[in-house]
Amino acid sequence: MDITGRKLFVKALQEEGVDTVFAYPGGMVTDLVDELYRQEQIRMVLPRHEQALVHEAEGYARATGKPGVCLVTSGPGATNTITGIADAHYDSIPLVVFTGQVPQHLIGNDAFQEVDIVGMTRSITKYCVTVRDRRELGRIIKMAFYIAQSGKPGPVLIDIPKDIQLQAGPANYPEHVEIRGYKPNETVHIGQLKKAYKMLRQAKQPLILAGGGVNIAGAGDKLTAFAEKMKVPVVTTIMGKGAIPTDHPLYIGNSGMHGCYAANKAVSECDVLFSIGTRFNDRITGDLNEFAPKAKIVHLDIDAASISRNVVVDVPVVSDANIALERLVEYAEPKHTEKWLERIAAWKEQNPLAMRRDKGMSPQMIMEGIDRVFPQAIIVTDVGQHQMWATQYLSLPKGSKLITSGGLGTMGFGFPAALGAQIGDRSRDVVCITGDGGMQMNMQEMATAITEGLPVVVCILNNQYLGMVRQMQQLFYGKRYGITCLRRNKDCPNNCKGPGKDCPPYVPDFVNWAKSYGAAAVRVSGESQIVEALEAAKAEKSRATVIEFMIASDELVLPMVKGGNPMSEMILK
Amino acid sequence: MEMKNRWIALYVENQVGVLAKVSGLFSGKSYNLQSLTVGTTEHEDVSRMTICVTSDDVTFEQIKKQLNCMVEVIKVMDLTNVPLHMKEILFAKVRNVDQEQKEEVFRIAEVFDQGGYVRVTDIGPESVLLECMLTERRNNELIALLRSRFRQIEVVRGGAVAVEAISTTCR
Chain A
0 MDITGRKLFV
10 KALQEEGVDT
20 VFAYPGGMVT
30 DLVDELYRQE
40 QIRMVLPRHE
50 QALVHEAEGY
60 ARATGKPGVC
70 LVTSGPGATN
80 TITGIADAHY
90 DSIPLVVFTG
100 QVPQHLIGND
110 AFQEVDIVGM
120 TRSITKYCVT
130 VRDRRELGRI
140 IKMAFYIAQS
150 GKPGPVLIDI
160 PKDIQLQAGP
170 ANYPEHVEIR
180 GYKPNETVHI
190 GQLKKAYKML
200 RQAKQPLILA
210 GGGVNIAGAG
220 DKLTAFAEKM
230 KVPVVTTIMG
240 KGAIPTDHPL
250 YIGNSGMHGC
260 YAANKAVSEC
270 DVLFSIGTRF
280 NDRITGDLNE
290 FAPKAKIVHL
300 DIDAASISRN
310 VVVDVPVVSD
320 ANIALERLVE
330 YAEPKHTEKW
340 LERIAAWKEQ
350 NPLAMRRDKG
360 MSPQMIMEGI
370 DRVFPQAIIV
380 TDVGQHQMWA
390 TQYLSLPKGS
400 KLITSGGLGT
410 MGFGFPAALG
420 AQIGDRSRDV
430 VCITGDGGMQ
440 MNMQEMATAI
450 TEGLPVVVCI
460 LNNQYLGMVR
470 QMQQLFYGKR
480 YGITCLRRNK
490 DCPNNCKGPG
500 KDCPPYVPDF
510 VNWAKSYGAA
520 AVRVSGESQI
530 VEALEAAKAE
540 KSRATVIEFM
550 IASDELVLPM
560 VKGGNPMSEM
570 ILK
Chain B
0 MEMKNRWIAL
10 YVENQVGVLA
20 KVSGLFSGKS
30 YNLQSLTVGT
40 TEHEDVSRMT
50 ICVTSDDVTF
60 EQIKKQLNCM
70 VEVIKVMDLT
80 NVPLHMKEIL
90 FAKVRNVDQE
100 QKEEVFRIAE
110 VFDQGGYVRV
120 TDIGPESVLL
130 ECMLTERRNN
140 ELIALLRSRF
150 RQIEVVRGGA
160 VAVEAISTTC
170 R
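Going line by line, the protein sequences match chains A and B.
Heads up: the first sequence is residues 0 to 572, going by numbering that gives the first Met the number 0.
Heads up: the second sequence is residues 0 to 170, going by numbering that gives the first Met the number 0.
To be clear, the hints were calculated from the coordinates, so they are not data collected in a lab.
Backbone N, C-alpha and C fix where the C-beta goes; we use that ideal spot for every residue, glycine too.
Watch out, some of these pointers could steer you wrong.
[Unchecked claim] Here are the computed lysine-lysine pairs in the BS3-like style, where the Cα-Cα straight-line distance is at most 30 Å: (1) B:74 x B:28; (2) A:358 x A:193; (3) A:193 x B:64; (4) A:295 x B:101; (5) A:141 x B:3.
[Stated by the list, open to error] Partial pick of chain A residues on the chain B-facing surface, computed with a CB cut under 7 Å: (6) 121; (7) 126; (8) 179; (9) 304; (10) 308.
Extracted from the complex, chain A is given alone in its bound form (with noise of 0.2 Å):
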């Protein structure tokens, strides 16, 4: 018997067993929406943006390892989304985004709310297509899941027309789909792994570099124990963060831009870099030319397109992180490497990775605060100097996990996601780390965890600018802070170099917005308070509590390496 498309929408998601619709009403989807109201199975969640949504479906997806599934409406509900998705294409997220789409007849009129969504999107999402025949419904829908999912994992859009919602079709929803043009890489050429190990294996100075791609195969115990069963160091990027527990003696620290010194200096020092599911984007590189000088690079990746693309790499692999792992794992063999670790072990102790401890709170001191209270939570930041920050000292041990946008730097990321990871799993504790910049990106979803209950633990950083650009200002641009002083108002000189007396003490007054939601919400100014004030947020279990961590303004993330200039070149002090 023929069912309707939206009856056949709502089968769908139930069969691929999703729990968590996040959705937006609006004209295009309302039959959508109401044939969800139908039934039990899937709830939806209610944000209040669209963008927040599709930050809230990542957040989700990174804390339960499922998709997120977002349902917006066609026009403005559908533009909305394009931020959130191309976050999550550069983060490797496996999103399903339905979007609602006029009726065929006014499609190239522009009809109300209308727009060309999918030739929007094309180049941010790993899959996307406006269905156009009732009786592909199904197939399509399956075919979203399944490449959402697979190979290395990305979000895929389908724009429903209204009309096709509506007509009645076949009921059957496939349980597979063959992809003539989509093979997903499930193996690993042992020929090149083995030439790849064993290029390892001769190394003087060998160094593993983990991305991103580690953890989203969840490969880290696999990584530890061949970084162990060799006896080889490891440094991380952003995104690959926690994928060896950062206590590990192995471990010396994240590399990059704002890299530790040790990590920054094993690059530039190593003669075999074996890396493993990173894509060497430039904040990991820096200058081209001057990166890794002395070492032949192994580049082992799930996507053949990431290899070879910014650095020359001289054995590629291409696998998923996990299978490569398992194989690499029974071909190890312990390695002599101790003076190599030796010497890491004294650039470590010559530029340790800490900030002054002499006036006041730091930076530093929260993150040391939320590690102690909060050792087993699903950490969630959002962009810019507090995300520095939270990936150089929060030590992240097995059983915490980090989510954080790292390709695309999407301010606005942080709160949104976290409610999604907290939506995800809520036997865990969810910690926000934030600023006030971004925060305020996205600070009307306070509604959405305070309906939802969501007892998210919101850390904002406060320093009053936007301090990564401020940051930049400081020590590139001559001190001229213009527009990143967020208290600054219509009659503020343009040379300002810093507050004064008449500057209003906040913009806004987080705490007091916050209790105008019902969440909880206290000021910290001094060291002595950190702790205090995240247990009493840890105790809190049913509703949001946000902590306004005052800093000073000129604080650094540091070491820093100037855009383009080599990974040696680091600013200390």
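Could you slot chain B onto chain A? The hints should help.
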């Protein structure tokens, strides 16, 4: 690294939006697209594109990988060093010519007809229309010659199509 013209035959799903996706890749990633032609194959649900790009080796490898990533791309074939037959349709209208100049157009057509196909397909009191099916390079040469000899010409080119050779090595 050497920048040169390279050729790809691309089998894709014959669906709405696939051409936009493929061409969007070239603009979005700043690849230097020279020509792109597309038409259906013996299977009506499959289209074949013939693509010419100017690039160095590294970029060309990247282009092939990026094309392979697309769900709608069924097969990527590198035709750069493959024996093949390649032709491009060209219409060249020569205007404002007297009888003597017309004779010259005819002679040129005759010469270029060797190793390809050039016909005088239409004519008027002051104009001649040539219909050509030559290699892209030969078409370039023909256009250059016409441009040097006549003041007003109009050129309409179709972009090259190519197919792998059976027995010969001609291009």
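Against the earlier hints, flag every one the structure doesn't satisfy and list their numbers going up. Of the numbered hints given earlier, those the structure breaks are 2, 4, 5, listed in rising order.
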